[in-house]
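Asks: Residue numbers (our numbering), protein chains in the order written: chain A, 38 to 390; chain B, 38 to 390; chain C, 38 to 390; chain D, 38 to 390.
Simulated from the structure, these hints should not be mistaken for laboratory data.
It is possible that part of the hints are untrue.
No copy labels: a pair is met if it fits in one copy or bridges any two.
With a straight-line Cα cutoff of 25 Å, these simulated BS3-like cross-link-like pairs (lysine-lysine) come out [said to hold, decoys possible]:
no. : residue 1 : residue 2
1   : 319       : 87
2   : 250       : 303
3   : 294       : 211
4   : 319       : 96
5   : 250       : 294
There are 4 protein chains.
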Amino acid sequence: MRKTSVAVVGASGYSGEELVRLLLRHPQVELTAVTSRQFAGQTVAQAFPKFAQLPQARKLRFTEPNPELLSKQAEVVFLALPHGVAGEFARPLLELGCQVIDLSADFRLKSAAAYKEFYGHDHPAPELLAKAVYGLPEIYRTAIKSASLIASPGCYPTSILLPILPLLQAKLIKETGIIADALSGVSGAGRKAELDYLFVECNESVRPYGVPKHRHLSEVEQELSLVAGQPVVIQFTPHLIPVNRGILTTLYLAPHKHFTSEAEMKTLADQISGCYATAYGKEPFIRLLEGNALPDTKNVTGTNVIEIAWRLDLRTGRLIVMSAVDNVVKGAGGQAVQSFNIVSDFDETAGLI
Amino acid sequence: MRKTSVAVVGASGYSGEELVRLLLRHPQVELTAVTSRQFAGQTVAQAFPKFAQLPQARKLRFTEPNPELLSKQAEVVFLALPHGVAGEFARPLLELGCQVIDLSADFRLKSAAAYKEFYGHDHPAPELLAKAVYGLPEIYRTAIKSASLIASPGCYPTSILLPILPLLQAKLIKETGIIADALSGVSGAGRKAELDYLFVECNESVRPYGVPKHRHLSEVEQELSLVAGQPVVIQFTPHLIPVNRGILTTLYLAPHKHFTSEAEMKTLADQISGCYATAYGKEPFIRLLEGNALPDTKNVTGTNVIEIAWRLDLRTGRLIVMSAVDNVVKGAGGQAVQSFNIVSDFDETAGLI
Amino acid sequence: MRKTSVAVVGASGYSGEELVRLLLRHPQVELTAVTSRQFAGQTVAQAFPKFAQLPQARKLRFTEPNPELLSKQAEVVFLALPHGVAGEFARPLLELGCQVIDLSADFRLKSAAAYKEFYGHDHPAPELLAKAVYGLPEIYRTAIKSASLIASPGCYPTSILLPILPLLQAKLIKETGIIADALSGVSGAGRKAELDYLFVECNESVRPYGVPKHRHLSEVEQELSLVAGQPVVIQFTPHLIPVNRGILTTLYLAPHKHFTSEAEMKTLADQISGCYATAYGKEPFIRLLEGNALPDTKNVTGTNVIEIAWRLDLRTGRLIVMSAVDNVVKGAGGQAVQSFNIVSDFDETAGLI
Amino acid sequence: MRKTSVAVVGASGYSGEELVRLLLRHPQVELTAVTSRQFAGQTVAQAFPKFAQLPQARKLRFTEPNPELLSKQAEVVFLALPHGVAGEFARPLLELGCQVIDLSADFRLKSAAAYKEFYGHDHPAPELLAKAVYGLPEIYRTAIKSASLIASPGCYPTSILLPILPLLQAKLIKETGIIADALSGVSGAGRKAELDYLFVECNESVRPYGVPKHRHLSEVEQELSLVAGQPVVIQFTPHLIPVNRGILTTLYLAPHKHFTSEAEMKTLADQISGCYATAYGKEPFIRLLEGNALPDTKNVTGTNVIEIAWRLDLRTGRLIVMSAVDNVVKGAGGQAVQSFNIVSDFDETAGLI
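The following block holds chain A by itself, in its conformation from the complex:
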């Protein structure tokens, strides 16, 4: 079986760690380099004891990041760096011929101006923006196949876009008035020594944050606008919830068709059902729930799956769509590996089931 040599840059955060977990077990990957200033010199097994039973984890040592060296060690480089830093790092790697899969926000936006508006500083490599493909496999599979620079989506955007895009594409819902109310586990805040994320501050606490203009809005609205063919502005409220992993998103949508009877509702339900079945019926990582089932983050934890369920409300005329993902798998490392599989021409589920 063909194997690809792979490196992970910035592997000390929660997304980087998850990426390492997946790549160490991937049957067609040889993980040849991992970098982290904090862990440089340690083996992967020392930094992450939970991987220590894997032989490669006991051999491979963290190094300081060095693009030239990396380009000799790896055909594909995953960047799990903070935004701003990732962009600077991608340029030399691309020039040296690596394929780059970036988990930061740096290449998700097509517009350097929008980037500056939402991230507060100039884009580190604006000339590369046109080159980057947004790594949402269920939507951009063909473009990902031939990309050299893949911008893996954010965790919230994944949980919002996958449920909405087919409905918007099929013109079943209006592009106005969209609300995304989302609940995230604490790993979403990153491995950062800040008082707000201490156990005692998060346990027995539920709270909104970043209201009303969270950074992830920029990529969500970009992608919705592209499909809608017109600018889409949405409402997005993230909340911090005392779980380690998982995002639960509830979407409030307005169907184009007014329904005022059970019969009309049934007709619309069939269309929505058909729309999702067509779009996602064969997707290996999308679980369309049936019957009374509603998404539950515990059913997707540790997997690359997104659960989606929906309900029409005859009383309000609204469509409620709910989704659950693991923020560090389908929302980060797992989705990046899925793109990697596509670009490497491997089975898309390799190392992910």
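Once you have looked at the hints, place chains B, C and D on chain A.
Replies: Coordinates of chains B, C and D only, in the frame set by chain A:
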């Protein structure tokens, strides 16, 4: 200091337990009877070891509920029974001259038909509905003062109504399109031995439920409609979150006034600010957050306080209001004691601060 | 690659579920039957949504348990039934030629009298006791290889025996005065609808239980006695801790050699170190921690690994050994699969790394 | 009712916060000053929103600590500072005539040498050691009454000493071989921005730490030795558990009397029972559990109570004693207030029930 003799019927659930906790410490209450089929014969201290340091908890024994006996033991009787049962119990107590404060849903709705629609069975005492006062003190203080039957509001309704009612009253928001997205701790499900509420099933889990037609909608819509002067229908999505206590509610509201500039937004913000200050500036249990602060359930846990914050969104034209309450205090036992203080002509904060 | 047909009887509890998870992913297993009265008729994917991405989970349906049918469907049958029931079920399966791996306590004890003392009822199949092999692979690998009936150890016993047995065997510690203080996650209590295990009762709670005579003592003492060559009686205190998975055990042991100086302590430390290295240095699922590292359940969750660390205390002359396992993997389903791999002559780590 | 003016120095940690909570509600306290470098300038209500409903919390502002000013503002000063710092602060306050109740470790040890051994630096005010009284009210009530410097015990020591001291005093147990295995909530680690105490690192984690020589050993052994009349050395293993509050300690003790029959055990049980009843039967904050009850941290959370239960084990001849306290109440702020009540000649339970 004058003391009132008080009984709690059905004190084995989480709301009943909280009520007992508050009443045992209340300086103007003598808790003379507590009933519970499950605990009959045990002292309060035996059933709830955490209260055992209070002398009365070591003396008072749970009994089987008996209206006649209760009417001799207590001037005021709190009912913490399941809906349907509470209604039947209230009738004899009222006839025997007790004041009744009911924590169930049985007397919250003015219409027996609405009750049947949402609770699935005939109302147990429809003739009493006209008599009952909805026990939301900040709104119905005057009516509560002279009530003999008080229907203490549900936990979700409290977290939704208090933030919305003044805005609706002041005609600052439209009565259409209201969305309430709410997150509740597991005590909200009651002390019931069901698989869904086991530790392992709730920990590391976040999930919606009861979509789209939760029972609490009935009382929320009734109260909004009364203030709006027309039927109001809202969207409500509850979620189960792994905390013991706390409800965090995020409300999506449409201001009557369109605002498209910072200046217009500022004007509207001043109106909203003024509206809340007028309505709640002197309320002892409403905390209007300032500056960057947003509600956090951990700041209200164990207290009778509701935290409220709001943001206008220039991008969407919406008003986002967020609230936090402890579902078993302001959302149940504490609010019931607040009504009790009013009806007893005690300081409204007695036993609650 | 050769595949073995396998069935799981009683797959609705947490251990059974974990067993199904591992077997569905095992490269040399074809899971051909799963039984559960509660789930009969449902597919594995319906009962356990988190497995739904695995094709076999969508095909395989739970059935009522029927030994004759099972013997036609599977070469190896895992029993994840309550004690008492498992014993009755094993007999026909063995007669029909199946290999049986039992996760209950029914075949762990060599003495039917000890079984009755600790489990409170007569043994359901005493004639099979002599046939059963205690499925602790690191200790009984050879016997397991040719066993037709394997009694997979309990979760607490695994966390206690693996750290102690080599020391006892090497006569480094006394067989008297052993204390095992153990902390278990709530899944250890099983998927049972009981008030004690509700989220609200376990969250923010830490408590001992079953003091001083927990059932698991019987198998622990039996195994220690066998190695010591004389009856061993130990002290064991289990505690319930608000995590889903994991057991952390702290063992207090008395070295045979008295040490009163750093030098004497160093000599003993080298012996202990050597003892563990010899016993477990090549074991794929035993992680002997080095340097300052101490066991942490989060480093073994979801894996078949046991972490072990130890410290000598010059002040008290004692040896403290600490271990961490995932109670439903190395403490249940994973260890059973490890035995299965041995008895099937597969790589011992197949499906477990 | 007489009121005492009180200050809290270093009120930004979890113990300091709890102290503030208790003092704000204490009927005979006027909290006149709180200091914290981090919060200087803010009101108590701003720093701790959960206290905002209390009028004094909205008025009182944090200041930089200044002994001279404090001595004018307060008759009694509580120090909730790190060890080393507290000692330096106490001296000027005492000279200026304040009573000092120190929650740090600085005045708990009678020996400056032992302090240096366990805390790693010279004692900041050795001349004051002889003056200090160890603030364990149930043991040192008389000495506390007339103390000007009270050293409030640590959380672990409280949970260990209260159960052991009466038994040791009555010579019911040996002073050798004592083991204390203790489980602590994460607030015990303090409000510190360190990776180890992030939510994600603590949730779903159970781990020992500080093995085998934790600092709290020094005060535990000092107090046991004083009562035993000879040097006592014990084994102590702390563990970190994912709860906010609570310590559960399990003690392994050796009765002086050998018991080998039910009858002998019964005799000893009566003696133990009598010993505890005599020592603690009238103590307002000690709950001696009866029947099958075992300690549970959730039954003491938020209270100044310690729960104690014990079992004799006929199989091993050992006595197992278990205790539960809230580490920031009986283990810190509450116990300090209890000493304050004694020294102020108030009812000992004032502000604590």
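Asks: Take the hints in turn and mark each one as holding or not.
Replies: Hint-by-hint comparison with the structure:
1. 319 x 87: between (34 Å within a copy, 18 Å between copies)
2. 250 x 303: Only across copies: residue 250 and residue 303 sit 17 Å apart there, 36 Å inside one copy, limit 25 Å.
3. 294 x 211: both (9 Å within a copy, 22 Å between copies)
4. 319 x 96: between (39 Å within a copy, 16 Å between copies)
5. 250 x 294: between (30 Å within a copy, 21 Å between copies)
Comparing the model with each numbered hint stated earlier shows that all of them hold.
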